[in-house]
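Asks: Now for the letters of each chain:
Number of protein chains: 2
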Amino acid sequence: MVTHLDKQFSRRTFAESMVAGLALSSLGKIAKAETPPSSAASSSSEQSASSAKHLIIGCLVFPRQDQIDFTGPFEVLSRIPNSTVHVIGKTKEPVRDVMGLILTPEMAIADAPLLDLLLVSGGLGQQALMEDQEVLSLIKNQADSGRWVMSVCTGALLCGAAGILRGRRATTHWAAWDLLHYYGAIPTKARYVIDRNYISTAGVTAGLDGSMKIASILRSDADAKEIQLEIEYAPDPPFHSGTPETASPEVIRAFFAKYGQVKKSREAEARHFARKLGIFQT
Amino acid sequence: MVTHLDKQFSRRTFAESMVAGLALSSLGKIAKAETPPSSAASSSSEQSASSAKHLIIGCLVFPRQDQIDFTGPFEVLSRIPNSTVHVIGKTKEPVRDVMGLILTPEMAIADAPLLDLLLVSGGLGQQALMEDQEVLSLIKNQADSGRWVMSVCTGALLCGAAGILRGRRATTHWAAWDLLHYYGAIPTKARYVIDRNYISTAGVTAGLDGSMKIASILRSDADAKEIQLEIEYAPDPPFHSGTPETASPEVIRAFFAKYGQVKKSREAEARHFARKLGIFQT
Numbered sequence: 022m023v024t025h026l027d028k029q030f031s032r033r034t035f036a037e038s039m040v041a042g043l044a045l046s047s048l049g050k051i052a053k054a055e056t057p058p059s060s061a062a063s064s065s066s067e068q069s070a071s072s073a074k075h076l077i078i079g080c081l082v083f084p085r086q087d088q089i090d091f092t093g094p095f096e097v098l099s100r101i102p103n104s105t106v107h108v109i110g111k112t113k114e115p116v117r118d119v120m121g122l123i124l125t126p127e128m129a130i131a132d133a134p135l136l137d138l139l140l141v142s143g144g145l146g147q148q149a150l151m152e153d154q155e156v157l158s159l160i161k162n163q164a165d166s167g168r169w170v171m172s173v174c175t176g177a178l179l180c181g182a183a184g185i186l187r188g189r190r191a192t193t194h195w196a197a198w199d200l201l202h203y204y205g206a207i208p209t210k211a212r213y214v215i216d217r218n219y220i221s222t223a224g225v226t227a228g229l230d231g232s233m234k235i236a237s238i239l240r241s242d243a244d245a246k247e248i249q250l251e252i253e254y255a256p257d258p259p260f261h262s263g264t265p266e267t268a269s270p271e272v273i274r275a276f277f278a279k280y281g282q283v284k285k286s287r288e289a290e291a292r293h294f295a296r297k298l299g300i301f302q303t
Numbered sequence: 022m023v024t025h026l027d028k029q030f031s032r033r034t035f036a037e038s039m040v041a042g043l044a045l046s047s048l049g050k051i052a053k054a055e056t057p058p059s060s061a062a063s064s065s066s067e068q069s070a071s072s073a074k075h076l077i078i079g080c081l082v083f084p085r086q087d088q089i090d091f092t093g094p095f096e097v098l099s100r101i102p103n104s105t106v107h108v109i110g111k112t113k114e115p116v117r118d119v120m121g122l123i124l125t126p127e128m129a130i131a132d133a134p135l136l137d138l139l140l141v142s143g144g145l146g147q148q149a150l151m152e153d154q155e156v157l158s159l160i161k162n163q164a165d166s167g168r169w170v171m172s173v174c175t176g177a178l179l180c181g182a183a184g185i186l187r188g189r190r191a192t193t194h195w196a197a198w199d200l201l202h203y204y205g206a207i208p209t210k211a212r213y214v215i216d217r218n219y220i221s222t223a224g225v226t227a228g229l230d231g232s233m234k235i236a237s238i239l240r241s242d243a244d245a246k247e248i249q250l251e252i253e254y255a256p257d258p259p260f261h262s263g264t265p266e267t268a269s270p271e272v273i274r275a276f277f278a279k280y281g282q283v284k285k286s287r288e289a290e291a292r293h294f295a296r297k298l299g300i301f302q303t
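Just so you know, the sequences run in chain order L and G.
If you read the first sequence in my numbering, its first letter stands for residue 22, the second for the next number, and so on.
If you read the second sequence in my numbering, its first letter stands for residue 22, the second for the next number, and so on.
Everything labelled a hint here was simulated from the structure, so no lab data went into it.
Bear in mind that the values here come from a model prediction, so they are computed numbers and not experimental data.
Be careful, since some hints might not be right.
[Stated by the list, open to error] Which bits of chain G does chain L cover? Going by a derived footprint, with three or more residues having C-beta under 8 Å, they are:
hint	segment
1	87-99
2	214-227
3	269-283
Where is the CB? At the ideal position from N, CA and C, for every residue including glycine.
Bound-form chain L, shown alone (with noise of 0.2 Å):
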């Protein structure tokens, strides 16, 4: 468990700024915040009658997920004022991220409280969820009870399959875009979309763009901008390589003889989901 406050009041070099920094910024900050999308909300145990509400983020991780499609929000969501996040997985046993790298959860999904946000990640490792029926259930009923859902990259295909896309506008990976209307979404171009209490983002590294703007709507811009400052997020890639508007043919034709046969494996996973949730026969 990763509590902000807790944290910052703990460690001995900022402990002492800290009590000022929050007097002074964190906490006046907090009346800013906005409410939540949705009634629903009020539900939680946590809810008070003032917006300096203590938020629950929960951030799910799988093997062979892209890592930064959760470590990019996490360094932004942990930031958040008066804020915990919970690292989720179906067990607490460490995975590996697609290249390798060990995440692990801290909290087994049937033991997750109710949170105000769920972060989605994609990745490869998204394909081998799609039935998996307690993810999908952890998806639904998060959306269901109006809290915020954030999908990163191909997440968006998970939040498919649950079947929340549907009459959604969404976005996700570039290279996975145009799949997205087998689950009934209305597909989007932009670095983030938010319809109602869902938020997804493109690809992979769009996930630090939308935890920005979710950080924005939890509490406030004030408090989104001072993450951003503090983390000297002012990107400035040494490339403009980023979309296949700006890659060269020779770059997209590299990438597609390596994606090539995912690209396909998640064509049909998106014929088999557009049948099953009944949105169209292909």
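Chain L is already provided as a structure; the job is to place chain G on it using the hints.
Replies: Chain G in isolation, oriented as in the chain L frame:
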């Protein structure tokens, strides 16, 4: 150990396509790779006559670092064709980043092989390592060997304590930037700065930009661009508050209300090192 080729070929869904993909793109590109910055790299046992040398990358992780100083570059570096990334700690015990995320080293410093690139993260935990001879020797030996050192954020201060900043252009987190001269560096304002075999980046998320650059140097522009497309690195933050030049006075004030004590502590540390390294008397 995270080996690009090994992992790719062991993936079920990726296996077939990767064989085609590597033949079509990655292996072809390796021929374009630039040479290491110094002939010292020739002593590596992995060195071959061609530029298709397998690259060994090491990322130092430590308690209370900033996790994305490492996970940002990991996202890019782990995708460099024909490379292995080692996650290195003082021991193999898991550590927690400054916001509580568990990071798990898989190799102790004592067991680290010759590295083509050493990544040095920053974050509050950097302060506890400023007199750690094992860490400082790792950095100094790497720099002296002529192989690459990359620092992210206040990882530059660790490089300073190791004595490798003297006479080198360097950057760091904007709020620590004015401390660089105490370590004998030539402070340079940029998202990343390269001076001989040392690349330093600005704060936290700048590691993503710097690692895109180093990927292009270690392999090729084409490889870096393909990685950028894969991770859809086309950042578009919802706010423009990532530097003191763009943030509002209120946001900067709020930041320093929290950071003030750390800043003082880092200043005292820097003065100590200026004396110790004989840079100047303060």
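Asks: Each hint needs a verdict: does it hold in this structure or not?
Replies: So, going through the hints one by one against the coordinates:
1. 87-99: holds (count 8)
2. 214-227: Three-residue rule met by the segment 214-227 of chain G, so holds; n is 5.
3. 269-283: holds (count 13)
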